[in-house]
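**Q** Below are the chains, spelled out letter by letter.
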Amino acid sequence: MIIKMLCALSLVLLTPLLASTKVGNADEGSDLEGARPILNGIIIETRDRAATQLRSLNVAGVRGLGMLMSELETSLLFMAASNSNAAGDTDASPNHGDMRGLVYARTFAVPHAATRFFPVALELIPSQLIALHIHEALHRSLDASIREDETIVSQLTLALTSPDATHDSVAATAARLIPLDPPLTANEDFDRYSHVGYELRLFRRPPADAQYPIDRLHLIKSELYPFGGSRSALGVGIEMSALDRPHGTFSGPLGLSAHLRLISRRLAEFGLLGRLDLNTLSAEELKNSPFGRDVAKLGAFFKRVSPRSYLENELTFQLPGSSSHTIGLVRYQYGYGWVMTAAIRGGFRHGEFYVGGFTQLHLADYLQISGGSFGFDSGRYRILSAGPEIGFDSDSTTIVFHGRFLLDSTKDATFDYLGSLMGDGIAQGSLGLEARIHL
Amino acid sequence: MMIPMILMGRKLLRARARITSRFGAPKATLLVCTIFLWGCDRYGGIFSRESVQIMYAIDAVKLISPDITTGDHPRTYAQSSYALSPSRRILLRREDLLSFENSIDTSKKIAVELSFAETISDPRVRLCPVTRSWMMLATWTVAHPFGTSGKWQSVGGDWDAQGCVEGKDGKDGKTVTFDMTSWFVLQVRARSTNHGLIVCSDDELSLIGETAATGYPKLLFSRF
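As you go down the protein sequences, you meet chains A and B in turn. For the first sequence, the numbering used here begins at 1 and goes up steadily by one. For the second sequence, the numbering used here begins at 440 and goes up steadily by one.
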């Protein structure tokens with residue numbers, strides 16, 4: 001009697017330990033303990049038949065289902081030692097479990113995850129197993145924004161396993177359920193914008209009469225996006241520069257920038273930008289030059305990128321400023337008015353290569369110079385420039401070759417008039433080479 | 440100065456009263472006024488101003504040469520000496536001249552004095568008025584690098600050939616003086632423009648520059 005009572009008591013006390021672990025699709029996988037790989041049998045056969053069925057529907061050509069075949073055919077299959085009860089709304093779906101609350105199969109909603117089958121799945125008929133294979137593969141292959149949406153996955157499963165399913169019917173269902181331009185999820189694509197790089201600009205050999213000849217500009221730059229949420233990101237950039245002049249190499253201004261992406265989707269983004277070039281850390285020779293000033297710029301940008309093309313518009317406003325330049329015993333004061341700049345950049349992409357160009361229009365208020373008996377006032381002027389760009393853009397690196405050429409200007413203005421060494425450059429334009437590593 | 444004039448005025452008024460009684464009021468008034476004005480000029484210097492000779496250093500000195508194409512080349516300014524030649528010229532200008540041109544006595548000579556490193560005789564050096572505004576970034580081809588208005592019409596500088604002045608030897612053999620009174624009156628004062636001067640030499644000479652301790656280019660004039 002006592003032994004029976006002890007056994008009963010043990011069962012009562014140990015039942016919580018013996019019961020199946022409550023798991024969801026994002027569980028710790030404890031039900032894999034005791035699981036054995038499935039190498040043959042009805043599970044493998046129905047997977048092959050599912051693959052054949054999907055191949056006949058040409059799902060690889062359906063937008064949003066490109067990875068489905070791969071996930072179906074390559075996912076590792078395991079059979080759990082015992083059944084598991086449904087846990088959470090996902091498991092409770094008719095696609096995952098039966099009326100008794102036992103789960104047929106589970107998988108992690110990430111690419112290349114394994115699929116775990118439970119003994120109750122062997123009670124299903126082959127057509128149901130085919131649907132189960134397809135359903136689990138959809139959880140892993142769909143876009144991250146919808147792969148855990150049981151309603152969408154179930155409807156797609158139904159469309160793919162329907163007796164009268166055709167390629168067109170599947171494509172129509174996918175077009176309706178899979179968003180064309182889903183919003184970015186956290187950690188997607190923003191990481192790609194963080195980068196560190198080096199840029200070299202060769203200024204087009206200025207006319208011999210340039211006010212401050214500079215041959216080359218070296219830039220070391222980085223831009224990181226540590227702030228913001230899944231739909232917006234605030235990036236902060238730093239640029240350090242060095243100038244090659246006929247008389248030697250000197251440290252240049254320090255550039256600080258900020259990019260705030262207000263609206264960001266897979267193919268397009270809109271945001272605000274700000275830039276401050278500080279003369280504080282430059283060499284004394286640059287401080288005593290027409291470019292020895294701090295330049296502040298604010299603006300907005302809109303960018304749209306597709307697999308075959310890209311287009312970017314940018315509008316900026318540069319604040320007025322001044323600098324001084326002492327030559328011999330004469331001191332000259334340079335006054336720079338505000339500058340409004342509109343730029344259009346676009347091109348075509350082929351794989352990781354792209355070819356394009358830009359055009360830019362500067363409208364400036366004035367350039368005034370005074371010193372001793374000399375005075376100069378340009379009045380309002382404009383500068384029109386354009387240039388090509390050819391680049392290679394992969395997930396890890398970007399290499400760009402670009403050029404800037406002055407096409408037309410009023411008052412014989414050159415880029416010197418703008419007084420923005422790191423921004424617009426100087427003289428008649430420049431050729432540049434930039435290499436970036438994405439972080 | 441005012442107190443003696445006031446005291447003299449009081450004496451004149453008393454004298455006028457005595458003169459009036461003898462010659463009549465109009466003659467007395469005229470006589471008193473004449474004496475009064477004479478006294479003011481004699482003691483107050485109102486009508487006969489004396490000017491003082493002043494020497495100013497010329498602060499803007501710029502070398503232009505066909506072989507120097509950059510405007511801020513360090514050899515073209517702030518030097519203790521410059522090499523002059525038929526193809527190397529010097530631009531000169533006292534930058535603040537217009538601020539005190541009204542106080543310059545044009546009845547006295549206004550001169551530019553240049554010194555050379557070597558002893559020279561019969562120097563073939565001319566000082567000519569520049570006719571285009573220039574700045575310290577000037578080169579052989581441009582007066583300033585801002586637009587087409589900055590280009591010299593004639594490379595090497597634009598000047599008024601009619602206004603060129605030949606230099607006269609100084610006593611020490613190394614100094615040459617140029618009488619620029621006409622230039623000052625006709626250009627600086629009459630037109631309120633100061634484009635400076637250009638030194639042209641037919642010989643190869645070494646001009647003492649603006650940073651030398653002595654012998655730097657000077658502007659000599661009399662100032663009230």
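Calculated from the structure, these hints are not laboratory results. One should not assume that every hint holds.
What the hints assert, rightly or not - The calculated label-pair distances, taken between Cβ atoms and stated as ranges, are: (1) A:P320 <-> B:R630: 26 to 36 angstroms; (2) A:P388 <-> B:E605: 51 to 61 angstroms; (3) A:L276 <-> B:D506: 32 to 42 angstroms; (4) A:P320 <-> B:S546: 39 to 49 angstroms; (5) A:L202 <-> B:S621: 50 to 60 angstroms; (6) A:S251 <-> B:D506: 28 to 38 angstroms; (7) A:L384 <-> B:S519: 38 to 48 angstroms; (8) A:S322 <-> B:K547: 53 to 63 angstroms; (9) A:P320 <-> B:D506: 34 to 44 angstroms; (10) B:R630 <-> A:D215: 38 to 48 angstroms.
Said to hold, decoys possible - Once the Cα atoms are required to be at most 20 angstroms apart in a straight line, the calculated SDA-like pairs of lysine to any residue come out as: (11) A:K411 <-> B:S588; (12) A:K411 <-> B:K657; (13) B:K590 <-> A:F376; (14) A:K287 <-> B:P513; (15) A:K287 <-> A:D244; (16) B:K657 <-> A:L329; (17) B:K590 <-> A:G375; (18) B:K590 <-> A:G379; (19) B:K590 <-> A:K287; (20) A:K287 <-> B:H512; (21) B:K590 <-> A:D412.
Claimed, not checked - Chain B regions said to be covered by chain A (calculated; three or more residues, Cβ under 8 angstroms): (22) 539 to 550; (23) 554 to 564; (24) 635 to 642.
Don't be surprised by glycine CBs; every beta carbon is placed ideally from N, CA and C.
**Q** Confirm or reject each hint.
**A** Evaluation of the provided hints:
1. Between A:P320 and B:R630 the beta carbon distance is about 33 angstroms. The supplied range of 26 to 36 angstroms therefore holds.
2. The given range of 51 to 61 angstroms is respected by A:P388 and B:E605, whose C-beta atoms sit roughly 58 angstroms from each other.
3. Roughly 41 angstroms separates the CB atoms of A:L276 and B:D506, a value that falls within the hinted 32 to 42 angstroms.
4. Judged by the Cβ atoms, the range 39 to 49 angstroms given for A:P320 and B:S546 holds: they are separated by roughly 48 angstroms.
5. Checked against the hint of 50 to 60 angstroms, the pair A:L202 and B:S621 passes, with Cβ atoms roughly 51 angstroms apart.
6. About 30 angstroms separates the C-beta atoms of A:S251 and B:D506, a value consistent with the hinted range of 28 to 38 angstroms.
7. Between A:L384 and B:S519 the C-beta distance comes to about 46 angstroms, which sits within the given range of 38 to 48 angstroms.
8. Remark: the range hint 53 to 63 angstroms for A:S322 to B:K547 is contradicted by a beta-carbon distance near 41 angstroms.
9. A hinted range of 34 to 44 angstroms for the beta carbons of A:P320 and B:D506 is consistent with their spacing of about 38 angstroms.
10. Roughly 41 angstroms separates the CB atoms of B:R630 and A:D215, a value that falls within the hinted 38 to 48 angstroms.
11. Between A:K411 and B:S588, the direct Cα distance comes to roughly 9 angstroms. Compliance with the 20 angstroms bound is thereby established for this hinted pair.
12. This hinted pair does not check out: A:K411 and B:K657 have alpha carbons roughly 37 angstroms apart, beyond 20 angstroms.
13. At roughly 14 angstroms between alpha-carbon atoms, B:K590 and A:F376 fall within 20 angstroms of each other, so this suggested pair holds.
14. For the proposed pair A:K287 and B:P513, the alpha carbon gap of about 16 angstroms is at most 20 angstroms, so the pair holds.
15. A threshold of 20 angstroms between alpha carbons decides the hint, and for A:K287 with A:D244 the separation of about 15 angstroms falls inside it, so the pair holds.
16. Among the hinted pairs, B:K657 with A:L329 is consistent with the structure: their alpha-carbon atoms are about 14 angstroms apart, no more than 20 angstroms.
17. The straight-line distance between the Cα atoms of B:K590 and A:G375 is roughly 15 angstroms, inside the 20 angstroms bound, and the hint therefore holds.
18. The hinted pair formed by B:K590 and A:G379 meets the criterion: a straight-line CA distance of about 19 angstroms does not exceed 20 angstroms.
19. In summary, the hint linking B:K590 to A:K287 is not supported, as the alpha carbons are separated by about 27 angstroms, beyond the 20 angstroms threshold.
20. In summary, the hint linking A:K287 to B:H512 is supported, as the alpha carbons are separated by about 17 angstroms, within the 20 angstroms threshold.
21. Pair hint B:K590 plus A:D412 holds up; C-alpha atoms about 12 angstroms apart against a cutoff of 20 angstroms.
22. Coverage of the region 539 to 550 of chain B by chain A is violated. Counting CB-CB distances below 8 angstroms, 0 residues qualify, and the rule asks for three or more.
23. Check result for the region 554 to 564 of chain B against chain A: violated, 0 residues qualifying (beta carbon to beta carbon below 8 angstroms, three or more required).
24. Counting residues of the region 635 to 642 of chain B whose CB falls under 8 angstroms from any CB of chain A gives 1; the rule of at least 3 is not met.
Checked against the numbered hints above, the structure violates hints 8, 12, 19, 22, 23, 24; every other hint is satisfied.
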